[in-house]
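Student: Quick mapping for you: the protein sequence lines, in order, are chains A and B. Sequential numbering of the first sequence, starting at 1, is according to my numbering. Sequential numbering of the second sequence, starting at 1, is according to my numbering.
Check the hints yourself; a few may be wrong.
Some but not every residue of chain A turned toward chain B, in silico, with C-beta under 8 Å [to be verified]:
(1) Leu-74
(2) Trp-75
(3) Gly-77
(4) Val-96
(5) Leu-123
(6) Ala-143
Note that these hints are calculated values from the structure, not bench results. Quick reminder that beta carbons are idealized off the backbone N, C-alpha and C, glycines included.
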Amino acid sequence: MPLKGDRLPGSDLFTRRINRAPSPLLATAVPWITIAWASLLPLSPVIASAPVLPPLAFMFLVAWRLLRPGLLPLWAGAPLGLIDDLYSGQPFGSGVLLFSITMIGLEQVDGWLRWRGFWQDWLVASVVIAIYLFLAHIFAVFAGGTFHPAVIVPQLLLSFIAFPLLTRVIAILDLLRLARVRVLG
Amino acid sequence: MAPPQNRPGVSRSGFSKKAQFGLFTSYVAAISGAALGFVLLVISLVSPSSFTFARNAAADVAAPAGQLSAASRSTGKSVIDVISGYIEAGSKNARLKEELAIARSRLAEAEAIRSENVRLKALLGVRETDGKAVTAARLIGSTASSTRRFALLSAGKRDGVQVGQPVRSATGLVGRVLEVGNRTARVLLITDGESVVPVRRVNGDISGFAQGQADGTLIIRLIDLGINPLRKGDVLVTSGSGGLYRPNVPVATVANVTRDGAVARIVSDPAASEFVVVEPIWQPITELRAPAAQAAE
Numbered sequence: 001m002p003l004k005g006d007r008l009p010g011s012d013l014f015t016r017r018i019n020r021a022p023s024p025l026l027a028t029a030v031p032w033i034t035i036a037w038a039s040l041l042p043l044s045p046v047i048a049s050a051p052v053l054p055p056l057a058f059m060f061l062v063a064w065r066l067l068r069p070g071l072l073p074l075w076a077g078a079p080l081g082l083i084d085d086l087y088s089g090q091p092f093g094s095g096v097l098l099f100s101i102t103m104i105g106l107e108q109v110d111g112w113l114r115w116r117g118f119w120q121d122w123l124v125a126s127v128v129i130a131i132y133l134f135l136a137h138i139f140a141v142f143a144g145g146t147f148h149p150a151v152i153v154p155q156l157l158l159s160f161i162a163f164p165l166l167t168r169v170i171a172i173l174d175l176l177r178l179a180r181v182r183v184l185g
Numbered sequence: 001m002a003p004p005q006n007r008p009g010v011s012r013s014g015f016s017k018k019a020q021f022g023l024f025t026s027y028v029a030a031i032s033g034a035a036l037g038f039v040l041l042v043i044s045l046v047s048p049s050s051f052t053f054a055r056n057a058a059a060d061v062a063a064p065a066g067q068l069s070a071a072s073r074s075t076g077k078s079v080i081d082v083i084s085g086y087i088e089a090g091s092k093n094a095r096l097k098e099e100l101a102i103a104r105s106r107l108a109e110a111e112a113i114r115s116e117n118v119r120l121k122a123l124l125g126v127r128e129t130d131g132k133a134v135t136a137a138r139l140i141g142s143t144a145s146s147t148r149r150f151a152l153l154s155a156g157k158r159d160g161v162q163v164g165q166p167v168r169s170a171t172g173l174v175g176r177v178l179e180v181g182n183r184t185a186r187v188l189l190i191t192d193g194e195s196v197v198p199v200r201r202v203n204g205d206i207s208g209f210a211q212g213q214a215d216g217t218l219i220i221r222l223i224d225l226g227i228n229p230l231r232k233g234d235v236l237v238t239s240g241s242g243g244l245y246r247p248n249v250p251v252a253t254v255a256n257v258t259r260d261g262a263v264a265r266i267v268s269d270p271a272a273s274e275f276v277v278v279e280p281i282w283q284p285i286t287e288l289r290a291p292a293a294q295a296a297e
């Protein structure tokens, strides 16, 4: 059975063997679970008095979307943004809106671009993350913050640097996603 | 690389009616998702407390994870403390002994002043709560990637925490409680742009407001405009006006003096304090007893 988004060379790695087969549940659920898990970043040991950490859940979403187009449905932004909103501290709805727009936007970008590559993905992700952080800051200002765009610069730079690393993490998670698990019969 | 038409997952439906319909519905779903987000955003901007219940429930659910990471944070910190403690033990010991001697005599003075204060306040009939803490708890999370500055506290309604209560660490003011869940509470840190703390300089009669700037510093605005009397290194403490924050809790030290105020650095870095204390609201209702009523008694 071909799995959604499975286009690795050497895909016999992921074919069925005796008592072991890739699980369709795992293949679908892993991106959702990892993005939702990254939304729990605010509960990490870091207690920050300034915004320093990159928006991990959003970066996971962008990385999954760029590495495995079509794996997450187009509407995936809304539920994942909702989970992020519960913990992020942004005004409620900011994540739902921005995640949704990002999914639609990346779909359009995919239509324009003729091919795919590491540098191009990095560039696209950097632009998207920069826009996301800026708009998120604007929403935070409306909710009672002070307008201070310089405050997002440290986390922006950190996000730029961290993105290629994150794509490696996604690649590992992707192997996990298609791993053979024990089946009966 | 394959041309985009043949790539999986990219929305090219071709002539297949079924694929066209699938693409259409997914766009409808995505756009209505975005519209829903916009509506939620507008609602939460108009009335910020609308989704408190959802956030609190989510925080209550995730609290154990936060507890765990808070514990690991304090362990990691203590390892570093132990190592650095060995390196500078001798010189530190001598210095601390000297400081202790000075602090003892200061403490005696402070005790005397405190008892005098209690007596004078009783005379005035000022209504205020005693200094007993509501509860002590850990900070189990903070909005580290948002430009709003909130922290999550591992105590909630169950522990007697109420909205508005100030939160402090051993070294200084951390923030105040904004939303209360069953087992957790959301704290507005003093570095958030929405937080305004009435402060005064620890020596001298200069009072003003400390507003958060979201980048870890505070902006100090003085009440009396004129020549700016602040100096670099001045310590600012809460002044007690407004009745929310108990006076004389350290807030910040002046880092840069500006034309009509200063930029100050917070004294109590929330990351450095393992436990924080929730205090009762200082003067729940600020009203002095009318002299006539007193006379009637």
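Student: A separate judgement is required for each hint: does it hold in the structure or not?
Tutor: Now the hints, each set against the structure:
{"no.": "1", "hint": "Leu-74", "verdict": "holds (4 Å)"}
{"no.": "2", "hint": "Trp-75", "verdict": "holds (4 Å)"}
{"no.": "3", "hint": "Gly-77", "verdict": "holds (6 Å)"}
{"no.": "4", "hint": "Val-96", "verdict": "holds (3 Å)"}
{"no.": "5", "hint": "Leu-123", "verdict": "violated (16 Å)"}
{"no.": "6", "hint": "Ala-143", "verdict": "holds (6 Å)"}
Hint compliance for this structure: hint 5 is the single one not met.
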